[in-house]
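Number of protein chains: 2
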Amino acid sequence: LSQGNESSRDYVLGVDVGGTNIHIGKANRDCVPLKVKRYATDARNQEALIAGIMGSMERYLAEAGPPAPRAVGMGLVGHVSVAEGVWENAINISVTRPVPLCATIRAKFGLPAYIDNDVNMAALAEMTFGAGKSHADFAYINIGTGISAGLVSNGKIVTGASNYAGELGHMVCDGEEHVCKCGRKGCLEPLASGGGMIEMAKKAVQSARDSSLARYVQDGSLHAGTIFREAEKGDPIAGSIAEKAMSALENAVVNLVNLMNPSLVVFGGGAIEKDFILNRLTDFVYQNALPVAAKGLQGIRISALDPSLVGLIGASRAAWDGLGMT
Amino acid sequence: LSQGNESSRDYVLGVDVGGTNIHIGKANRDCVPLKVKRYATDARNQEALIAGIMGSMERYLAEAGPPAPRAVGMGLVGHVSVAEGVWENAINISVTRPVPLCATIRAKFGLPAYIDNDVNMAALAEMTFGAGKSHADFAYINIGTGISAGLVSNGKIVTGASNYAGELGHMVCDGEEHVCKCGRKGCLEPLASGGGMIEMAKKAVQSARDSSLARYVQDGSLHAGTIFREAEKGDPIAGSIAEKAMSALENAVVNLVNLMNPSLVVFGGGAIEKDFILNRLTDFVYQNALPVAAKGLQGIRISALDPSLVGLIGASRAAWDGLGMT
Numbered sequence: 029l030s031q032g033n034e035s036s037r038d039y040v041l042g043v044d045v046g047g048t049n050i051h052i053g054k055a056n057r058d059c060v061p062l063k064v065k066r067y068a069t070d071a072r073n074q075e076a077l078i079a080g081i082m083g084s085m086e087r088y089l090a091e092a093g094p095p096a097p098r099a100v101g102m103g104l105v106g107h108v109s110v111a112e113g114v115w116e117n118a119i120n121i122s123v124t125r126p127v128p129l130c131a132t133i134r135a136k137f138g139l140p141a142y143i144d145n146d147v148n149m150a151a152l153a154e155m156t157f158g159a160g161k162s163h164a165d166f167a168y169i170n171i172g173t174g175i176s177a178g179l180v181s182n183g184k185i186v187t188g189a190s191n192y193a194g195e196l197g198h199m200v201c202d203g204e205e206h207v208c209k210c211g212r213k214g215c216l217e218p219l220a221s222g223g224g225m226i227e228m229a230k231k232a233v234q235s236a237r238d239s240s241l242a243r244y245v246q247d248g249s250l251h252a253g254t255i256f257r258e259a260e261k262g263d264p265i266a267g268s269i270a271e272k273a274m275s276a277l278e279n280a281v282v283n284l285v286n287l288m289n290p291s292l293v294v295f296g297g298g299a300i301e302k303d304f305i306l307n308r309l310t311d312f313v314y315q316n317a318l319p320v321a322a323k324g325l326q327g328i329r330i331s332a333l334d335p336s337l338v339g340l341i342g343a344s345r346a347a348w349d350g351l352g353m354t
Numbered sequence: 029l030s031q032g033n034e035s036s037r038d039y040v041l042g043v044d045v046g047g048t049n050i051h052i053g054k055a056n057r058d059c060v061p062l063k064v065k066r067y068a069t070d071a072r073n074q075e076a077l078i079a080g081i082m083g084s085m086e087r088y089l090a091e092a093g094p095p096a097p098r099a100v101g102m103g104l105v106g107h108v109s110v111a112e113g114v115w116e117n118a119i120n121i122s123v124t125r126p127v128p129l130c131a132t133i134r135a136k137f138g139l140p141a142y143i144d145n146d147v148n149m150a151a152l153a154e155m156t157f158g159a160g161k162s163h164a165d166f167a168y169i170n171i172g173t174g175i176s177a178g179l180v181s182n183g184k185i186v187t188g189a190s191n192y193a194g195e196l197g198h199m200v201c202d203g204e205e206h207v208c209k210c211g212r213k214g215c216l217e218p219l220a221s222g223g224g225m226i227e228m229a230k231k232a233v234q235s236a237r238d239s240s241l242a243r244y245v246q247d248g249s250l251h252a253g254t255i256f257r258e259a260e261k262g263d264p265i266a267g268s269i270a271e272k273a274m275s276a277l278e279n280a281v282v283n284l285v286n287l288m289n290p291s292l293v294v295f296g297g298g299a300i301e302k303d304f305i306l307n308r309l310t311d312f313v314y315q316n317a318l319p320v321a322a323k324g325l326q327g328i329r330i331s332a333l334d335p336s337l338v339g340l341i342g343a344s345r346a347a348w349d350g351l352g353m354t
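Line order of the protein sequences matches chains C and V.
Under my numbering, the first sequence has 312 at position 284, and the numbering climbs by one with no breaks.
Under my numbering, the second sequence has 114 at position 86, and the numbering climbs by one with no breaks.
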């Protein structure tokens, strides 16, 4: 983890809660993360999870010593009510009852807290440092276990009515009959996310044990990138899965560009296939989006931000925004 | 055309330029349209079109007499650059070279002018008077010859980078192999717009002359509503077209609800099938949207605004907004 130098005693605490790790760091007024530390997420149950987050913050602040931060910004997976300060639910880490997280933080640490979901935090990070800095209308698309988007319109995150906008993964965009967890057929997520591609590979190798994917499935090391690589080497199972993923993502991104008219699309997340995004997808989008939308789109890029810091940057930006100091 | 009472001498001029008619009316500070008059659109060529718009405004203002309006708001079809005040292009009425319309209006009438496309004007009208008044995040979907949407996020129109956001008609959302004018297969517009459905019916009756649609095709009176009605009476051609339209629109609206998380979806336009929207579509969306998005959606409605006044209301709102007086 890269660590900047502490340039000011005026800082906020950024907290990025993921399924495996909690990253905590200070951030100065420029949202540069400093003294970043990593703690394990205790995801056994909801009580352990919340206690673990609070405990990690306590340890961090005790080690950091005075002065206290001005506020806390926190990125979370799942559904977050920003205005209410409530973590409504999460599927991968089990949050089944709403957690009044901002009130809990204020009660324990005496600090104002600002929370949002991880993809909105990533979009905020892009607005602060990344490719989105010079774009008022852009889409940040995260492809990891699932697929979701942070949409920015006229310099503001599109939140929707329940801060739930951006569910690009559940856009039906293909003739595929593949059934999604959400119940519909042809959604993007089961076709083009890392989780979806791995799932398809597991099913496929059951009846195609000679596929080069079989040994990765067996030793549990299968990654979306492996599927793309084996596809390129000629494995037909991998080829079919990669082709479905690429075709679905092509359709979804053109749909999004036609609907939102962004000047930039930025990709992040652990399951992006850079060569595909930068070559085939980019060509497809410019050739297939409506002419005015294609003309307005200045680029399709991979996020240049450090994946281990992007959540912290966004969380600290949310804290400064919340304090009205940006 | 309904006409309110003139309650104030402080007014703007609303102008709604359609493919067939130009509607012009005064509007007071509450955006109530007054003394609405209708002029024919002269769509022979671009020069005649612009001269006709200017001439209609001149006649209207001469008949209205003093005082002069504070500003002009104008709704247009096609692509409009709001900030530049330029009508970039339109397909149905031929605008092939950009028209600096705001500068032309200022030069001729000495008035500030504010222009936007018709669907954004309809969304503004909904924000002012309609169902969208109590909703900060809603989608207005117009189904007429084509299909497009005015998207409202946090009380503001989502413009995109080129004021071209909202092209819902060119969302691929179906396994249908139908090729759209935009070049992609499975777009919503050729399947579910009035224009698209009529096009499909014309093709189908060529090889199915016993279809009850044949005589409507022949006498040129075919309307999307006819196709829905004949489908209900059991005509198989009409049934197939109606089913494709409904299925595509169901998928597209769920996609939109998942992506934008609106608290309201409002339908307008001449080709909406009220029974389908209010019954089958509504049921489908609530059953198939992601649970949080479905919970946030408070309703799916047909616009209650008078179709002949909605453009004028939006145009006058754009004028008051432009003057900074809302």
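These are computed hints drawn from the structure, not numbers from a lab.
Errors might be hidden in some of the hints.
Same chains, same label: a pair holds when it works inside one copy or across any pair of copies.
List time: in silico EDC-like cross-link candidates among lysine to aspartate or glutamate, alpha-carbon distance up to 20 angstroms [stated by the list, open to error]: (1) K230 - D334; (2) K302 - D334; (3) K272 - E260; (4) K261 - E86; (5) K230 - D247.
Quick rundown of the hints versus the structure:
With identical chains, the CA atoms of K230 and D334 are never at most 20 angstroms apart, being 30 angstroms at best within one copy and 56 angstroms at best between copies. Only within a single protomer do K302 and D334 lie at most 20 angstroms apart by alpha-carbon distance; the minimum there is 15 angstroms, versus 50 angstroms between protomers. Proximity of K272 and E260 under a CA criterion of 20 angstroms is satisfied intra-copy only: 14 angstroms inside one chain copy versus 37 angstroms between copies. Proximity of K261 to E86 under the C-alpha cut-off of 20 angstroms is found in neither arrangement, the shortest distances being 50 angstroms within a copy and 70 angstroms between copies.
With identical chains, the CA atoms of K230 and D247 are at most 20 angstroms apart within one copy only, with a shortest distance of 12 angstroms there and 57 angstroms across copies.
Going through the hint list in order, the structure does not satisfy hints 1 and 4.
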